[in-house]
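> Sequence:
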Amino acid sequence: KIAFTSDRDGNYEIYVMGSDGSGQTNLTDNTDDDSYPSWSPDGTRIAFHSNRDGNFEIYVMNADGTGQTQLTTTGGFAPHGSSDGSKITYASYGGNPYRSIYTMSTDGSAKTRVTSPKYNASPYPVDRSPNWCNRYDGLWILFESNRDSYLERIYAIRPDGSGLTQIPNSAEYIDYHSPKCSPDGSKILFNSFRDGNEEIFVMNSATGGDLQQLTNNPGYNTLGGWSPDGTK
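The working numbering runs 6 ahead of the 1-based position in the sequence shown.
Treat the hints with caution; some may be incorrect.
What the hints assert, rightly or not - In silico DSS-like links for lysine-lysine, alpha-carbon gap of 25 Å or less:
| hint | residue 1 | residue 2 |
| --- | --- | --- |
| 1 | Lys7 | Lys117 |
| 2 | Lys93 | Lys193 |
| 3 | Lys117 | Lys238 |
| 4 | Lys117 | Lys93 |
| 5 | Lys238 | Lys7 |
FYI, nobody ran anything at the bench for these hints, they're computed from the structure.
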């Protein structure tokens, strides 16, 4: 199945469908905005963010939409579960003035702040769109940030907050957005405005090299995701 967001009913809701587009089903079905679904590794649960309680928080639910449970209370965006099913990474203000990357256990406990934006980097510094990545040398969290320029770049950091690295290590005047690590950890899928409109690219997760552009059309192409076997 594929989980996705749609506003076809007047506001953003979480839907699922078969990989051929069949059986499209609204799982959240309320008057508030629910978006950014992320599957648990075993396919039984979906994490997402919602503003149903007045501000965006992280929730989880069963794959059929039942058992919707709030995990955060100080803000939460764009959750992503680790491959072993034990952790969720997400972006949050967490009571601070700017958005940072956090981790927590899948029951909402053990919330830990991993990054701190560089407050002098831009008028509105932000770290966001986190994604777990089992790279060549262990477990990392990918995220996008404008900490070193007015543009947003892709960074990797260890879950304990060490080893911050920009990928690629380049000062080129190009935005990078929404990193998604391939299941084997070798590639990063992302979208970028480098050709005048947003397209989807992949690059090597270690160096940012071996750049390949996957889409090329006048429309906007964003928020790509890998199939579990990494072939699509």
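> Evaluate each hint against the coordinates.
Now for the hints, and whether the structure bears them out:
no., hint, verdict
1, Lys7 - Lys117, "violated, 29 Å"
2, Lys93 - Lys193, "holds, 21 Å"
3, Lys117 - Lys238, "violated, 33 Å"
4, Lys117 - Lys93, "holds, 10 Å"
5, Lys238 - Lys7, "holds, 13 Å"
In summary, the structure is inconsistent with hints 1, 3 from the numbered list given earlier, while agreeing with the others.
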